[in-house]
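Q: Chain by chain, the residues:
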Amino acid sequence: MTGKPEPPRDVDAVVVGGGFYGAHIAALLARRLPAVVLFERENALLTRASYNNQARVHGGYHYPRSILTSLRSRANYPRFVADHAAAIDRSFLKLYAIARRQSKVTAAQFAEFCRRIGAPVEAAGAAATRRFDADHVEAVFEVEECAFNATALAVAAAATMASAGVQVCTGVAVRAVAPGGPRRLRIVWGDGAGESTDADLVVLCTYSALNDLLADSGLATVPLVHELTELALVEPPESMRGLGVTVMDGPFWSCMPFPAERVHSLSHVRYTPHARWSDGGDDGHAVRGEGVRHRLPPSHAPHMLRDAARYLPEVAGARYLRSLWEVKTILPRSDMDDSRPILVRQVDGAPGLLAVLGAKIDNVYDVEEELSRMLDRGGIQ
Amino acid sequence: MADVFVSVVAPVSDPGALLAPFVADTVGVLARAFRHFELIIVDDGSRAVTRAEWDALLARHDGVRVLHLSREFGEEQAIAAGLDNAIGDFVVTMSPGADPPTLIPELVRRARDGADVVLGVRRSRAGDPWWLRAGAALFYWYARRMMRMDLPANATHFRCLSRQALNALNKLRETGSRLRVFSSYIGYASASYPYDAVGETRRSRSRTFGDALALALAMVLDNTAHPLRLASLLGVAAALLNLGYAAYVLAVYAMRDDVAPGWATMSLTSAAQFFFLAVILAVLCEYVGRLPKRFGGDPGYYVREERASAVLLREDRPNVVRDP
Ligand SMILES: Cc1cc2nc3c(=O)[nH]c(=O)nc-3n(C[C@H](O)[C@H](O)[C@H](O)COP(=O)(O)OP(=O)(O)OC[C@H]3O[C@@H](n4cnc5c(N)ncnc54)[C@H](O)[C@@H]3O)c2cc1C
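The listed protein sequences derive, respectively, from chains A and B.
Be aware that the first sequence starts at 1, since it is given in this note's numbering, and climbs by one per residue.
Be aware that the second sequence starts at 1, since it is given in this note's numbering, and climbs by one per residue.
These are calculated hints, taken from the structure and not from any lab test.
All clues given are correct.
Taking beta-carbon pairs under 10 Å as the criterion, some of the chain B residues facing chain A (in silico):
(1) His36
(2) Ile87
(3) Asp89
(4) Lys171
Quick list of simulated restraints, FRET-style, between CB atoms:
(5) B:Arg60 with A:Arg9: 49 to 57 Å
(6) B:Ala17 with A:Ser66: 36 to 44 Å
(7) A:Ala82 with B:Arg109: 55 to 63 Å
(8) A:Asp191 with B:Ala17: 53 to 61 Å
(9) B:Arg35 with A:Arg90: 34 to 42 Å
(10) B:Arg109 with A:Arg241: 32 to 40 Å
(11) A:Pro297 with B:Arg32: 15 to 23 Å
(12) A:Gln109 with B:Ala48: 34 to 42 Å
(13) A:Pro297 with B:Asp113: 27 to 35 Å
(14) B:Arg35 with A:Pro237: 19 to 27 Å
(15) B:Thr208 with A:Pro332: 45 to 53 Å
(16) A:Ala316 with B:Leu18: 32 to 40 Å
(17) B:Asn167 with A:Pro332: 36 to 44 Å
(18) A:Ala316 with B:Ala48: 35 to 43 Å
Glycine is no exception: its CB is placed at the ideal position from the N, C-alpha and C atoms.
Looking at chain B on its own, in the form it has when it is part of the complex (with noise of 0.2 Å):
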């Protein structure tokens, strides 16, 4: 039994009859593996979920914590959550149904050989639709080239962080979208766990196409200046063809004097003007956008209430109460 204490950071929305089995097993796995564990499940705003099950799930395992936020803020902004909340020495972030808490103890082991941060790396994609594929491939290869992060393609929410590793993501505070980017950037030594998530049917929650845009695009802008360099390239891009364009005009102005100047040129001029203004306002307003989650010092997520197992007097407690 390793002597270490291990978090498990789960986050869950409506799981419905994952839920049960899943903190079964993953507390049977650590209870056997670590001397010292907590699992940590957050309630990403469930609704189907009644206290009352909550209650059993307290009552019947130790070593358990539940984080109910105050509503849906997404797995990423749950994962931060539970990130900012685990005090073990190695924490595991892990999607309850899509990864097996089997391979928690080789993920730790590998973490504890001098990997700060593992990332589990699912070994294919097939269970995902062609779009989901497409988008992924594309988005690594622009990691890889634009913004010179080298990302484990296909890397999952299955990790584990040293406490010095997570100490350093934390400090980031801006943990939620980014946390997928940051955990290979922090400059940590890091190493990829490749396995087979179990069937995808099980996953609590399947990813929309609006999701993974977002998400791929929120890790881009959270990360790298880069698209914001492109539209200042462009626009100077545009405003050299103007110029050259003007020049032009200019010179045919002054050796022919049978020009009458065109309504369509003055349009197409201004059309494109136009056209790459508006391009750099989106980029730009992207920007702007994200400047008071940067600087607002804004959670990203709230915490409704906080509950832990208590387990002790299960044989022989008529009326536990509950709530402190």
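Chain A with its partners taken away, still in its complex shape (with noise of 0.2 Å):
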């Protein structure tokens, strides 16, 4: 660490994980306290599922059976473009294609569903749906949705850190929290032992190796269930440059520009995930996401062309260039049905830490919304 400040022995607040939730909670967190440290394992901030995503900003459009999710997003959107213009990128068609077997809605469902929620939607024109193939796509829409910069989120994020006093500890990994010493908690990082920091409250942002940190600390694990996903960049061909294509509802796909590159990215309901496993309360603790990120299976991105050619004709022009993997993590679905689907959540066992499990990019605002709640109410227990 080399020229790297060291990081603070005691301070108020500690973030773990620099992705977009650990990063916007530093920063909310020093808004209340004085002194607040971030730690990120990688060497840079939002390197993780920050980027390693379809940079979709969700405009309430993909959730056609979850009337009320497809609100929050709705509720959310106008806000995330309008705090982070800099990095949306809207200067693409989108276009939202109903196939026509296996979908989950029909075109007629989708538009009055489109409308329920008030999101913008109007049948694409003859041209626009002439590039789909007829026997597989039932109805084609054209939306108002945009995509994110991951990159440009980066930028942003190391600009607010610094703006709002949070320090900065990139290339650290948290090894355990502990409660005890000075402080109600002992954050002991690095790779040598003893070396800690001491602080009032702790906020996990780790997403998928949540339950490693919390195993690692002797303290009792979330149930999560976890997918090794991959995202397939591809050049599009010149004809789908200005263009993003979601085909709905069902084993399909998405292929929309990935700003960050300049690229296209492509995922599929059916070959993005490559294995799901579970782990925390009785499930145990078995499998380690960075276990299975290290030991690749073999690219999904031919099936994902191939199919989305059978739609989409000109998909077949797409070449491919690499692909993003990433572990995704999501609560178990009992989970999902009577609460919103973001977790927010004092650990057990230790007063003053926090587990916070990261969602679509925009759900940021309702996990602020909780935890200023919750620092309202008189502080963590």
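Reassemble the complex: the two chains are provided individually, in unrelated frames, and hints are given to aid placement.
A: This is the structure:
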């Protein structure tokens, strides 16, 4: 760690994990507390799930079977777009195509759903519709959605950390968090023994590695579901440069601009997830996402490209570049039924320790709301 | 190893002990022969196979997809469902138990050599009962003579379609029972591939007389208006006959004045009339009955659920969540 400042040994609050969520939460805490430090084990901010994703700012269109989720997306969308204007790319035509077979919604249902949640939608023109294979696609809609540039988000996050006075320690992995010491909690980091920081409040924003850290700390883990995902980056054919396509609603795909690299990303409901496993709670903690990420299976890009070309023949002209592999982590379905699909939880047996599980990028506002409420209620127990 | 993507579509309906070895053999053959492949098992309403058995298959083998149809729709519709879902550059259809997986690479090689459609043809029908053989002979003769379609005799479900041929076939939408005929009818270069089917005893389903008749009938009716033409010809002939008869009666009536119109002649005339009418109506009904199926956008099958292999974490995976 030559040239880098040593992490402070005593602060008010520590945020572990420098993804989009960790950075946002650190800035929020710095508005209330004088000394806040952010630990990130990679060498820069926003390099993991916050970079390795489809970069879609959800406008609500994606969940035609869950009005509530869609309404939240619709509520957060304008705010996110306004807050991150410099990172927003809306320079392309956004088409949602409804598959003719095996779609869980029909074209009429989709249009009605958009109307109900107040999402702008109109039938795409004849020229746009003709680009699709009529045997595979029932109808095509033009919608209002956009993409974010993950690199621009990372640059903005670094600037926000500086202006908010958050001390950022990249390249530092936190190994355990335990109650005790002069403050409420002690954070052990680095590779040697004994290097630690004491704090009264610690927020874990480590996403897919959340249970790794909890288990290593001897604390109760959270029931989570993980997926090893593959997002293909492709050089689109010239005709698709200004086009983002999503085929709904079932085992279909989406190909849209990935502004950070000026290429297109291609994801597929059937082929993007390579494996699924669960951990935490009663399931124990046997598989580590980091281990899985280092034993990658053969790419599914040929599958994605071939299937996509059945719906939109011009996809056949796309050239595969490489894949972004990431562990995606979500709450088990049972948890999602009655609560919002975000997690902000006080960890049992460690007063002052909070676990946050990031969801879609724009859900950060929901987490912020929840966290502010907890802090206002007289601090974290 | 060939650098193509091959899809194999295999319909099953309560395959019993056949399933596991079939999947193992086929995946083994595909993995050795092709860089990319998928095996699509179309579960045509099986009841006896438990979810745990399907799970075990998906956990053991990579590249397997299972399409569970909502009920039994029949082998032809099950294949149509598989074809609608296959993503490969070349798509092979086969009947598990009857068609040997080891022949897949050869079938695909022939398709890659330029024939867009390769039709497997059984070398002998020795295992079939006499009525099926006779019926098949009659059907192929009729197709050749009356429908002007040169169907290779004894063609089976073991076939390989190129992506272009499959797209054209899918466009026709009513893939159901027309599958056999259209494969050679859509105008792509086709070739036949003679092979020996494995013992019929392992066939997962055997055809009853009714099934075979229904299939032949469906194929004829779906592909040609020939029977309808025959019926109208019959109608015309009957009308002419009637006309002649009426003229004869009139002539007799004019030339002789001792005739009392006979009750027998009258009833004979009307009986003949009604006979022809009935024939015509029957044929018309067959056609009319097909109209809603043809124009109603009925997909012909419904997929209840689709699942795919997830084998990556086989060794160290204590608790994999299976259903998405
Ligand atoms: C394939 C895919 C597609 C997606 N598509 C979209 C989309 O289109 N739109 C959308 O809004 N969302 C999408 N998402 C979801 C979104 O990417 C994530 O939910 C979001 O990035 C989570 O942000 P985060 O900050 O919680 O996680 P991360 O960005 O992963 O941040 C966690 C950080 O913690 C660090 N860390 C972990 N353990 C430690 C430790 N012990 N010590 C120090 N640091 C540690 C990691 O290095 C990492 O940087 C997608 C996700 C995937 C996987």
